[in-house]
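Residue numbers (the working numbering), protein chains in the order written: chain A, -3 to 243; chain L, 1245 to 1493.
Source of the hints: derived by calculation from the structure; they are not laboratory data.
Warning: the hint list may mix true and false statements.
Derived CB-CB ranges, DEER-like [as the list claims (entries may be wrong)]:
1) A:GLU145 - L:GLU1350: 20 to 30 Å
2) L:GLY1408 - A:GLY127: 38 to 48 Å
3) A:ARG207 - L:ASP1394: 17 to 27 Å
4) A:GLY127 - L:ARG1452: 51 to 61 Å
5) A:GLY127 - L:ASP1349: 44 to 54 Å
6) L:GLY1274 - A:GLY171: 30 to 40 Å
7) L:PRO1371 - A:PRO98: 50 to 60 Å
Calculated from the model, a selection of chain L residues having no Cβ within reach of chain A, i.e. all distances over 12 Å [to be verified]:
8) ASN1395
9) ARG1457
10) ALA1467
11) THR1480
Keep in mind the model is a prediction, meaning the values are calculated, not measured.
Beta carbons are placed, not taken as given, at the ideal position from N, Cα and C, and that holds for glycine.
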Amino acid sequence: MDAKVVVVTGGASGIGRATVLRFSEEGYVPVILDRDAEAGAATASLLETRQVEGRFIQADLTRKPEVAAAFERILSACGRIDVLVNLAGGTFHKGAIHEVTPAQWKECLDLNLKTTFLCSQAVIAPMKQAGRGTIINTASNFGVTGGAERTHYAASKAAIIAFSKSLAAELAPHGIRVNTIAPGLTGTDRVRGKYDEAEWSALSGALPMGRAAMPEEIADGIFFLAGADSDYVTGATLHVNGGMVMP
Amino acid sequence: MRRLEGRTAIVTGSGQGIGEAIAVAMAEEGASVLVAELREDTANAVQRKIEEGGGAALAHATDVSREDSVEAMVQACLDRFGSVDILVNNAGIYPTNTVEGMPEDEWERVIGTNLFGTFLCSRAVAPHMLAQRSGRIISITSGRGLQGADNGAHYAASKGGIIGFTKSLALELAPAGIAVNCICPGVSDTAQPRGHRTEDELYASAARIPLGRIGQPRDMAKAAVFLASDRAKFVTGQTLVVNGGAIMQ
């Protein structure tokens, strides 16, 4: 019960997995919440080979009862939640506004924004009781700039920034900090899979630093926002994008 | 493992306040630090403080608003430590005045120190960072640069200017892997706000800050160490607000 506990939603793969590994290197007990059972099990067994205490809980985080059950399990098993990293969600197929169906819009907003709301809500009581805690939500460069044919995605990410600032103000008196990480183009398997080799090198080569972010670099930014090095930082958005967007 | 082991850093205005805290924190993380400061006595005191803590430092009397002085500053760092890996543009002044009553020389002094000084120091270190294809430049801006300053239009202009300058320099130096960022403090527990606030006013401002306290120099120093470290090598062109939530961006 002495080790700090970090809950990483979407922690089974991509930036989430890099974040889980980064925190585990620093002595945290990571808990992975993800709907992908296969990837979750794979990351959990990776932790096992590294002899890291940690666990994977499969859950659909858009459903409040599943969120509540997952966090009850975490609290009864670990006794504490020091850090919540809301990484579940992700980019979506592009589509012109008239092609985005109400169902697609809702799916995108649910996966990015509602999961962030529900999981944040679930940690407030235990963090208030502890008198401390940090929450890191995930936005995107598109949450600041918008993007053609990304109306649903950009709306969800801009909403997360505004949600985070509001929650930061609400929880500051309780010693709980809330910040946002905003990755730019990042070389996760899922994002890489959307492009062929030539498209990818053209896309990443055109960025100011001449490359995309590695998932580990986003995890480094998240770790900064989680720990004591940022204990006077709340309501902030940290962009880790090699200069792609400078708001 | 110390995070800035083997690096060299120039911290301007590091004879007191936020600059001093950054210089001390970077030295604690293993960097050799040039304490660049207008006042020689305070620079010497910070050098001694770092050395007593087991770190490496060199005090250097510097006027960041003068090109010859800035060139001598960089040369002193190269002569003593062999490179310039990190530049922290912290030197700044904040006199108060209305625009209507603002003498031209006061305007020139504020812009000359805060903004032109940031330009001169960045310009002087850039060739060395480009040659080694690595480096970090961190400039201290202010919430006033984001939201304006009552009785301080020159200060607000200088700090807003630093943000625009930083983004442009970030784009210019990104191909060489050099990151350029700003730290944006809020009201801080330093001598500067005491110039135009009483002690009571200074601490009362904590009531308007979500985290319930004013900033300590150490808060900014921790952010500066992060931005200078390997953990932030892909962060560039950004303004990191370290202000307890006073301004959220």
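Hint-by-hint comparison with the structure:
no.: 1; hint: A:GLU145 - L:GLU1350: 20 to 30 Å; result: violated (51 Å)
no.: 2; hint: L:GLY1408 - A:GLY127: 38 to 48 Å; result: holds (40 Å)
no.: 3; hint: A:ARG207 - L:ASP1394: 17 to 27 Å; result: violated (44 Å)
no.: 4; hint: A:GLY127 - L:ARG1452: 51 to 61 Å; result: violated (22 Å)
no.: 5; hint: A:GLY127 - L:ASP1349: 44 to 54 Å; result: holds (51 Å)
no.: 6; hint: L:GLY1274 - A:GLY171: 30 to 40 Å; result: holds (31 Å)
no.: 7; hint: L:PRO1371 - A:PRO98: 50 to 60 Å; result: holds (57 Å)
no.: 8; hint: ASN1395; result: holds (26 Å)
no.: 9; hint: ARG1457; result: violated (8 Å)
no.: 10; hint: ALA1467; result: violated (7 Å)
no.: 11; hint: THR1480; result: violated (4 Å)
The earlier numbered hints that this structure contradicts are 1, 3, 4, 9, 10, 11.
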